[in-house]
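Chemist: The listed protein sequences derive, respectively, from chains A and B. According to my numbering, the first sequence is numbered sequentially starting from 1. According to my numbering, the second sequence is numbered sequentially starting from 1.
In short, the hints are calculated from the structure, not lab data. Please read all numbers here as calculations on a predicted model, not as lab measurements. There could be a bad hint or two in this list.
Because identical chains share one entry, a pair is satisfied inside a single copy or across any pair of copies.
[What the hints assert, rightly or not] Here are the simulated SDA-like cross-link-like pairs (lysine to any residue), alpha carbons at most 20 Å apart as the crow flies:
1. K31 - V91
2. K31 - E115
3. K31 - T80
4. K31 - G112
5. K31 - R203
6. K31 - H94
7. K31 - R75
8. K31 - A68
Number of protein chains: 2
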Amino acid sequence: MRGTDAAHGAATVGTRVAKDDLHEAFAQVGKALANPHRIELLELVAQGERSVEALAARADISVALASAHLQVLRRGGLVTSRRVGTRVLYVLAHDDAYALLAALQAVASRLGTTEQAAARYLGAPVEAVGREELVARVRAGDAVVVDLRPAEEFAAGHIAGAVSIPLSELETRLAELPTDVEIVAYCRGPYCAMSPQGVALLRRLGRRARRLEDGYPEWRLAGLPVETGGGPG
Amino acid sequence: MRGTDAAHGAATVGTRVAKDDLHEAFAQVGKALANPHRIELLELVAQGERSVEALAARADISVALASAHLQVLRRGGLVTSRRVGTRVLYVLAHDDAYALLAALQAVASRLGTTEQAAARYLGAPVEAVGREELVARVRAGDAVVVDLRPAEEFAAGHIAGAVSIPLSELETRLAELPTDVEIVAYCRGPYCAMSPQGVALLRRLGRRARRLEDGYPEWRLAGLPVETGGGPG
DNA sequence: CTGATATTCTATAACTCGTTTGAATAATCG
DNA sequence: CGATTATTCAAACGAGTTATAGAATATCAG
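Starting from the given sequences, assemble the full structure and let the hints guide the process.
Modeler: Here it is in structure tokens:
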């Protein structure tokens, strides 16, 4: 039984019908999410506006390939770009795009394959601090917030009051952190390995440390105070 | 600059690193959303549990093709299946899967191509009734709710108190609807054409009619009262 | 205008996806 | 058990995607 759905209006045989165009349009956005490099690039642009070259370096792919993938994301309405002098900067197009990524990760997290990959990448689960709790504890002078992301991402925007110590410098710059309060570390999001790794390192070095649930994009989307500053690299 | 992100642990040259596996896992779910038939099938299983044959007929594709696409959706964790006698029934795996579809549609709706396709498929925008408003008006005896979806979808689950009149039978069964209260029509969701078409038809026939915002899945997810009954076809 | 830098485009090759067809498998009914 | 029905699998083809290298374009500094 094919091509007989009278209620939807006639003309089905071989014809491209409006309903198909609509599903095609939705699938077009789905296609933007159908490649691992694009997922990674999407997470990176969610940290702030960055050039193609900077994104390619972070995702460890060639500039040409990053450019191609970013254009697919742009066609899917997930990112926008603007030219500034000689470089083209990409950002997340709007908050719905991050909500979509989060929904994707929520569904994926139920799959065994994701769970295994996450466990292997993130290491043993570390106890997390909630956002509201963190606000209260910082206000009480009871905790200090550390941003473990690369310096350019901190510069593009970070949790108000946080101090920037990229994960790679954490051990050498340990002295900058107070010893009398708990350290709360955050990074890019729930599937970023920096904060679990940073917390593990801090504990090995004898400090009290926990990670923030989620990361910077979620904090910003929750409407909590952020500081945003210097231009992108 | 490639393969030099020291903070993420070494061993990058040619090796498949854990981070890639994680992004690959997310992209796997994205791939499930990257085909128009799969989007349509996802919307259909969101109406209730249905057999492969029934879904293939609704989506106007062959049974073999529907089976293949449903298995991609299952691998992506979006639907589940169970065998009942000679047939295999598919349903939405969990509410997060519908939330993902909704997030996808929200992003897509910002694209010009989607907007055009939606306008062409749904026709001129029709004023909608909110869910809470509808609950109040039905309680006050001020409105009657009509489910325009095919009878099997109504049977699988519907808004409590709604009457089933499939769009194709609306004109001939007009007498079943009261003339003294407003008619509120609903169907599968915000991108389903049945309720706008049904409302337009009712108005042409001299009735007071509006459509419900969204459709049955959204109503159910909002925790509002539903009735669920007979087995799937 | 020229040269340098950043990004995009083009061509190409390997690979994956979508679809159709017909065969294989599973469960039911006589 | 054999026939029937529903679903899945397998092969095969065309179409689309990914990745690479190198050419083309755009902007800026001189």
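Chemist: Next step is simple, just say for each hint if it's right about the structure.
Modeler: Results for each hint:
{"no.": "1", "hint": "K31 - V91", "verdict": "within (19 Å within a copy, 23 Å between copies)"}
{"no.": "2", "hint": "K31 - E115", "verdict": "between (23 Å within a copy, 18 Å between copies)"}
{"no.": "3", "hint": "K31 - T80", "verdict": "within (17 Å within a copy, 22 Å between copies)"}
{"no.": "4", "hint": "K31 - G112", "verdict": "between (23 Å within a copy, 17 Å between copies)"}
{"no.": "5", "hint": "K31 - R203", "verdict": "neither (42 Å within a copy, 39 Å between copies)"}
{"no.": "6", "hint": "K31 - H94", "verdict": "within (18 Å within a copy, 22 Å between copies)"}
{"no.": "7", "hint": "K31 - R75", "verdict": "both (10 Å within a copy, 16 Å between copies)"}
{"no.": "8", "hint": "K31 - A68", "verdict": "both (14 Å within a copy, 18 Å between copies)"}
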